[in-house]
Structure formats: structure tokens, C-alpha cells
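Please put together the full structure from these sequences, using the hints given.
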Amino acid sequence: MRLTSLPKASAWAHCRALSVKPTRVPVRIGARPGLFQLSKSLSQSWPSYQRVVGFHEASKTSLPLVGETPTPEATIPPPPPASYRPPKTGILSMIPASWVPYAELIRINSPAGTYYLFFPCLFSTLMAAPMAMPMTTPGSAIGTSLLFLSGAIIMRGAGCSINDLWDRNLDPLVSRTKLRPIARGAITPFKGLVYTGVQLLAGLGILLQFPLPCLFYGVPSLLFVASYPLAKRVTYYPQFVLGLTFSWGAIMGFPALGIDLLSHSSALTAAGFLYASNVAWTVLYDMIYAHMDIKDDVKAGIKSIALKHDAETKQVLTGLAFIQVGLLAAAGAAAGAGPAFFIGSCGGALATLGLMIKRVNLKSVKDCWWWFVNGCWITGGVISLGLAADYTVKYLEEPENGKSVEDQDHV
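Per our numbering, residue -2 is the first one in the sequence shown, and the count goes up by one each step.
Derived by calculation from the structure, the hints in this document are not laboratory data. Be a bit skeptical, because a hint or two may be false.
[Unchecked claim] Beta-carbon label-pair distances, calculated as ranges: (1) T134 to K175: 33 to 41 angstroms; (2) K305 to L170: 17 to 25 angstroms; (3) G136 to D307: 46 to 54 angstroms; (4) G87 to G194: 41 to 49 angstroms; (5) V295 to T389: 46 to 54 angstroms; (6) L259 to G351: 35 to 43 angstroms.
Glycine residues also receive a C-beta, built at the ideal position from the N, C-alpha and C atoms.
Structure, rendered in C-alpha cells:
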């Protein structure tokens, strides 16, 4: 047997095992290993689970010999995907390790969704307050708003749990969601279902603290909560279903303050326009949010409005902004709102939405996330301030509320 008929040492060096770990032959000479060295290397025992690949296959990824010029094929295999690492900072690092998956499931470390669920409740409370008979006191309005906030915290967690149960087979395909508790196996679907049931019972407990009509207005929203994850599989507009879900609080403020929507036509009209305005707002901000996952969504077969209108996203966002503000103005007109609302809430919303649409970089995940989180406070904040200012003006103008202490003593 001629030594020159043997394959190159680089091919022997990369006869790989099933475990993808190369079995390397030490190369101590320049061009060819000695026959004795080669026989010694080949005589070493191989584990039973290993197999030798053909020389042609091995040579495709073999490392160059000393003095050879590296080829493009001589690349290092990519590292394995990142694994889950327990949180070292923030609120999740302060709780027992066994609780962490359940806290992650309700997104306790990412409260932006809670605020988006709460703002429609706050809008409707502030819009309904001056319409109530007698006019709602500031203390009552604040107490009702805090009760809505507690409900938003619980129901947002329940919604996330339902979403992750639906998406347990899709989340592993998306880089941003592949390490969620159910997707990575930290919580079984059964335990997730039980946990969701506990949250829904807690939400029912909060709902029962409101006047009884709120129970009848609130329960139907669960239909949208459960159906949103399904919408991502059948339509490119699941954000619309999400809007129907997250905007439900725009109706709830009126019965919470004792206003019967079925017998108060102006309140019903105002609530309807306010609800529709919040649906448009939800579609707008979630379209920006959807751009963070647009590449992975294509691979996973998940539908979204961002995929459908990727080429004209900013035009769609602009149209949604005008729809939102127009419906908000219609709600204010039906409620008899004053200049403070139209200037502060409507004007402020138009300005902040325009700024966001102009500046957001839809190709940057980091930038989309920043505007999603902060846009909640920027736009939601100015709408709330305008409504609060309008309520304050009307409350002070109310004869009974505007009297001084001396005037009341003379009555």
C-alpha cells in the first residue's frame, strides 16, 4: 500500500461522531502523518455510539493542514441555542425560585400590558364621572379607578396565561417567546390551566366589588380573552380581536359609577365611541409590537397585521391614529365634554401619536419595544389628563360643589 494513496490528514481529522465532536488526529508534521502515527490513532477505541463518515463528507468541513490556505468551507459550527437562565435582577430575583415560572407566566416583570388594559377603564371613569347624577365625587372616582387597576393586574395575567396555553406549540418557534414557562416546560399545561382558573376566580372577586350591572357587562369580555390566541391562526388581523378585548374597560366605567347605559342614550353613545376609539388605539400600538416578531412569525405561520401590511405600515398607522382621535372626539361630543377635553385629550393624542409614528424604527426590535412601552404613558397620559381637567372644571362649576364654606353655613 502506497502512503501517497492515503487520504489527507485533514479528512481523517474530521471523521466525526454522532455527537458532532470531532475525533482529531494530532498533526505534528507538515504534510502527511507517518504510517505508524496514523495506525496508532486509528487503533484507539471509539465509543459504541460513534460512526465514521465517508472521506468525501469529512473533507467538506475539515480543517486545513499546516501551510494550507483556509477555504470558505472550513468554518466553525454555530454555537447551540441559548438556554434559560434564572433572573438575577429585578422583582423575579426576589421571589422563591419555585414561584418564578408562575410570575413569568403573568408577565409580572413587564407591566406594559397591564397599563394598556387599565387606561380604557380610566378613560371611561373620567368621562362618566361628570355625567352621573349626582356628579361623582373625586374620592369616588379615584376609588373606582384603583379598583379597575387591581382588576387590570389580575385579568392581564389571566389573559397572558390563556395566550401561552394556546401558543405552547408556537412559542418555541419564536426567539422572543421560546423561553416562556410553558414553552420551555417549566409549567405543565395542566398546572397552567389550574393557575389560570385561580386568576379568573380572583378577577371575579374584583368584579363583584362593583355595582351588580358591571357583572353583566363584564362577563362577555371573557369570550374575546379566550378567542384572541385563536385569531392569530386564522386571520391577519388578530390585533382587532385584541382591541375588542383590551378596550372593554371603555364601557365598564359608566355602570361602575351607576349610569345605566340602556336608559341613558347619551352615555351609551359616548361609551360606544370611546370603545371604538380604544380598539383603533390597540390595533395601532400592537401593530408596532408585532414588528418585533415579524421574521419569526413568517417561519411559525403566525398571522398579524404587520405581516399583511409590512410595506405600508406607517400609512396604516397614520390612518388608525386619525380614526382613534376622531372617535375620541365623537365620544366627547356625546358626553358633553368641554374645551379642556378637546384640546388636552384629542389634541394631545393626535400630537403624541404623530410623533411616535414619525420616529419609530420598525426594523429595530429595540425601538419598537421602546415606543410600545412608553407610548402607553405618553398617549394614554395626555388623554387621561384632558379628561381629568374636563371633569375638574365641571365639578367646580357644579353649584353644590362650588359653594364656599361661608355660603354653605348660610343655607
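Tested hints:
| no. | hint | verdict |
| --- | --- | --- |
| 1 | T134 to K175: 33 to 41 angstroms | violated, 50 angstroms |
| 2 | K305 to L170: 17 to 25 angstroms | holds, 19 angstroms |
| 3 | G136 to D307: 46 to 54 angstroms | holds, 48 angstroms |
| 4 | G87 to G194: 41 to 49 angstroms | violated, 27 angstroms |
| 5 | V295 to T389: 46 to 54 angstroms | holds, 49 angstroms |
| 6 | L259 to G351: 35 to 43 angstroms | holds, 37 angstroms |
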